[in-house]
Amino acid sequence: MGWSEGRRILRTGPPRLRRCQSAHCNPSRSGARALWYGGVGGGGPLARAYKENPLKLELRGITKRFGDVVANDHIDLTVEPGEIHALLGENGAGKTTLMNVLYGLLQPDEGEILINGVPRTCNSPREAIAAGIGMVHQHFMLVPVFTVAENVMLGDERIRSRLPFLGFLDRRRARQDVLKVSADYGLEVDPDAIVEDLPVGLQQRVEIIKALRRQADLLILDEPTAVLTPQETDELLAVMRSLKADGKSIVFISHKLREVRAIADRITVIRHGRVIGTTGPETSEDELAAMMVGRAVRLRVEKKPATPGDVVLDIRDLRVVDDRGHRVVDGVNLQVRAGEVLGIAGVQGNGQTELVEAVMGLRPVVSGVISLEGQNLIGRTTKQILRAGVGYVPEDRSHDGVVRDFSVAENLVLDLYDRKPFASGLALRPQEIATSARKRIAEFDVRTSSPDTPVGTLSGGNQQKVIVAREMSRPLKLFVASQPTRGVDVGSTEFIHARIVAERDQGTAVLLVSSELDEVLALADRVAVMYRGKVLDIVTPDAPREHIGLLMAGVTGAAGPDGEAATTPTTATEHTDAAARETDSDEPGDESGGEDTP
Amino acid sequence: MTTENHGTSPVGRTEGAHTALQTRPSPQPAIEEVAESTTARGFWTRSHRAGTLFAVLGIAAAVGFGALAPSDQDARFRLSESADGFTIPIPAAAGAIAFGVLCAVAGVLLFTGVTRRFFGWSVGVALTSLLLSFLCWQVAGETMAVVTVAQTTLLLSLPLILGSLSGVLCERAGVINIAIEGQFLAGACAGALVGTLASNLWVGLAASALAGLFIAWLLAIFAIRYLVDQVVLGVVLNVFALGLTGFLFSRLMQPEQQTYNNPGTFKEVSIPLLSDIPFLGPVLFEASMFLYIALALVVIIQIGLFHTRWGLRVRAVGEHPTAADTVGIRVNRVRYLNVLYGGLVAGIGGAFFTLGRVGPFQENMTDGKGFIALAALIFGRWSPTGALAAALLFGFAEQLQIYLSAIGSEIPSEILAMAPYLATLLAVAGLIGKVRAPAADGQPYVNR
Ligand SMILES: Nc1ncnc2c1ncn2[C@@H]1O[C@H](COP(=O)(O)OP(=O)(O)OP(=O)(O)O)[C@@H](O)[C@H]1O
Ligand SMILES: [Mg+2]
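Sequence lines, in order, name chains A and B.
If you're matching positions, the first sequence starts at 1 in the working numbering and goes up one per residue.
If you're matching positions, the second sequence starts at 599 in the working numbering and goes up one per residue.
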């Protein structure tokens, strides 16, 4: 790469926008289509002849019950062709359920689905796909042991043209497909990586690439931005606009009100499985939040200045390598004091994940020191570290955070199950476990039908709340939180933020990692900016946002580590502004960079 | 495979994709320094574990077998079929030591990672040398007819190969098949009965396959449609097959053997020219037809599973059925079909017991081979070629046991009989690499 190339792209707009413009010059678009589908032998279920096919979707009176939980209660929803329709709602409101019904993964108990005015059954995703519906799932639908390319082609495989009836896979073209979507939409990922080795942010990209390659007429995006960085989110919003310009409809689910307002044509709010109302993007964030939660929500974190005490977590000259042996944490020095929140800002993939894993004993350390109140943590097991008074909210909740088949109550005591009062000798004490579970479910507002419900059936945000509740209800010295509010609705985010501040005020040291700069700036007392495995600087949260944005892009003042970047400060500002933008832009529809470039 | 754009290093990747993304910090920090992989994965990597194991075993063999073997005798290995043919004499003690050392060397190479790219081969060399070291001790003063040993090994392995292939087909799609034993029995019995009635071995073979298919069909219906626990179901089907074939045998086939239980056997098929190759010819190209079927199936299923659309979908269904469903794959249909294919293969495996070897059916003549096929499936890590290797190892162990007791070895044959299963346990315990079943193995898929 080079900065000249970067500047050119900034001037002319990202390639996907150009692609979309050229598509308008050529209304048939058969050229672009042929590139993707040309010569698919045999043809999977998805090999439909392409036609410009505006799709109008109507859901009428959809009801879905799980036992006595009514997840969807007579929901009506209309999505016009070429419309971006946002669904808003608290955790557990029933958004994912509704979309799974639409996609054929769940069967509705009542109601009908009309596509272009014709009622049709969607008994399986197969039928939904045939009807032109595509979906990005909140809980990724990726085969962990397959490569990215294999996952992307699954169900609509690339077949070698020789002896097509034998169905030999054409991995070369499958790989090219991935690279092409990557390039078109700015979603870079290695097509040969095994999915389970990828961090969640990249898995999210794979899930999006998979859906984009199918070229559905109606695309459902269920919280696609929960783990994306602000830049990736911007890219995705731009992708959505270009799809819309092609006449496709999109259903977009997100808890981030700003992006919803920026992209949506109409917004439907669901609460407790019922439609509360449909509004436009001009509705303010406060109003939307109030519609969702049913009360006014304070979107800003209130906190007193910190009163830091002694150093609790001490990290010195830490070096850590990733699974491929690349050094991803490279000489990090960090101290977190009692009663302060240290936030780590940075574009995802700059070593934050590995840093946290090293602290939690989940990843071997190459060299350096990690100590908790003077006691060495390196070489200790994660269990020992947790027992030493560390709370941990992992980044990948479904993988590391909960046991899906265990009940909510069991998940709430996963860390303390063998301790008093939950166990006596070898026996568990279900009574105690249930009582404490009920208390925490109420306190953290976990929406579940009972403490005995398996966690796997909870909505995504509620699973997250179970983890946070578990980790925050024992005495802590250090609280390590990776993306603590991932996929959590505004009301609960408010609550979790307040709890983190309360924890700090009790004298706990808090290490917070979040891909959302907003969250870091709102909660942290000091912000460490990580770039390529190094901490470039530690600043206060009221430092100018451009400054933090520059640091996140690896530019440190006049003499940056990246000589090239430092010599072209204007360009650097332009492009790193994207990092800080998410919080800057308040007007809907603003996607073209920050308002004020100095 | 292409050469472009799929380097695993971040360099290759960033060069490959010219995207707008490159104008901002790469999300994968391109720190090129590659640290030693040992620090990344802890000390006990696969190479380290296997290397240590073979180094220790090799030294133990060199010392132990070397000391036990008489130094004044030769162990003779005869490579030709005729009694006076080409024979390799190896001084017993020296040979035991030399092969032990060779095993240790292979272990050390494995440990250092020099041979990382040839992991399987290195393990093979180490295992073979270990075995030869042992044989130098045991065969001292005797002659081992290698051709006969190899031929019998293949015969003993054959049902294991076919059985574990049946397991591969089912379990890769996510259905546990404990009923291989039952499918064997049904296949063996039906082959003998129908083959005799029709006076045609091929009709018998077809009947075997259909009998295996019938058991598999029961498995599929109850496991996939009625969600019965698959392990329990498999055990029940085995008992069912044992009872049914036992009934037929005692009421029909035993009393009137000439009319109901005298099918004869398939002749060995000798492939022209190839069967004249010394050593390999008599072993591989003058063998039972079932051997050719089994080897062909290994190749077909291996390629099918890992290089075709069918295989990709089967594996997706076995690993993450919901994901497969969301891309339009009919999960339960794939499972049904695969279980049925598995039944056909195991049924043919059953036919080998009667039509391939002895002819008449005997009560419970499969003698637990179906379960050993399951072990081979696991040892072979759910892959056809792995299962083949494991089946050959198990078959060889059995043959060795027969051979050693024939030459009056002092080692109790029970110990030898245990050895391969001990190896399986070690393999399952993760000594040699990661053994991982398909993630959704045994879990029914329901769409609500
Ligand atoms: N398979 C299931 N079995 C039982 N209950 C379920 C199941 N799936 C969802 N539910 C329940 O249905 C309700 C709606 O869940 P859903 O996942 O649709 O919420 P959501 O709006 O997507 O929330 P989030 O924003 O947290 O993702 C929740 O109360 C959840 O517990
Ligand atoms: Mg959801």
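Mixed in with the good hints, there may be bad ones.
Under 8 Å between C-beta atoms, here's a sample of chain A residues computed to sit facing chain B [to be verified]: (1) Val118; (2) Ser124; (3) Pro125; (4) Met141; (5) Leu142; (6) Pro144; (7) Val145; (8) Leu163; (9) Phe168; (10) Leu169; (11) Ile194; (12) Asp400; (13) Val403; (14) Leu428; (15) Glu546.
These aren't lab readings, by the way, just hints derived from the structure by calculation.
Computed from a predicted structure; not experimentally measured.
In this text, a Cβ means the ideal position worked out from N, Cα and C, and glycines have one as well.
Structure-based check of each hint:
{"no.": "1", "hint": "Val118", "verdict": "violated (20 Å)"}
{"no.": "2", "hint": "Ser124", "verdict": "holds (7 Å)"}
{"no.": "3", "hint": "Pro125", "verdict": "holds (5 Å)"}
{"no.": "4", "hint": "Met141", "verdict": "holds (4 Å)"}
{"no.": "5", "hint": "Leu142", "verdict": "holds (6 Å)"}
{"no.": "6", "hint": "Pro144", "verdict": "holds (7 Å)"}
{"no.": "7", "hint": "Val145", "verdict": "holds (6 Å)"}
{"no.": "8", "hint": "Leu163", "verdict": "violated (10 Å)"}
{"no.": "9", "hint": "Phe168", "verdict": "holds (6 Å)"}
{"no.": "10", "hint": "Leu169", "verdict": "holds (6 Å)"}
{"no.": "11", "hint": "Ile194", "verdict": "violated (10 Å)"}
{"no.": "12", "hint": "Asp400", "verdict": "violated (16 Å)"}
{"no.": "13", "hint": "Val403", "verdict": "violated (15 Å)"}
{"no.": "14", "hint": "Leu428", "verdict": "violated (25 Å)"}
{"no.": "15", "hint": "Glu546", "verdict": "violated (15 Å)"}
In this structure, the earlier hints numbered 1, 8, 11, 12, 13, 14 and 15 are contradicted, and the remaining ones agree with it.
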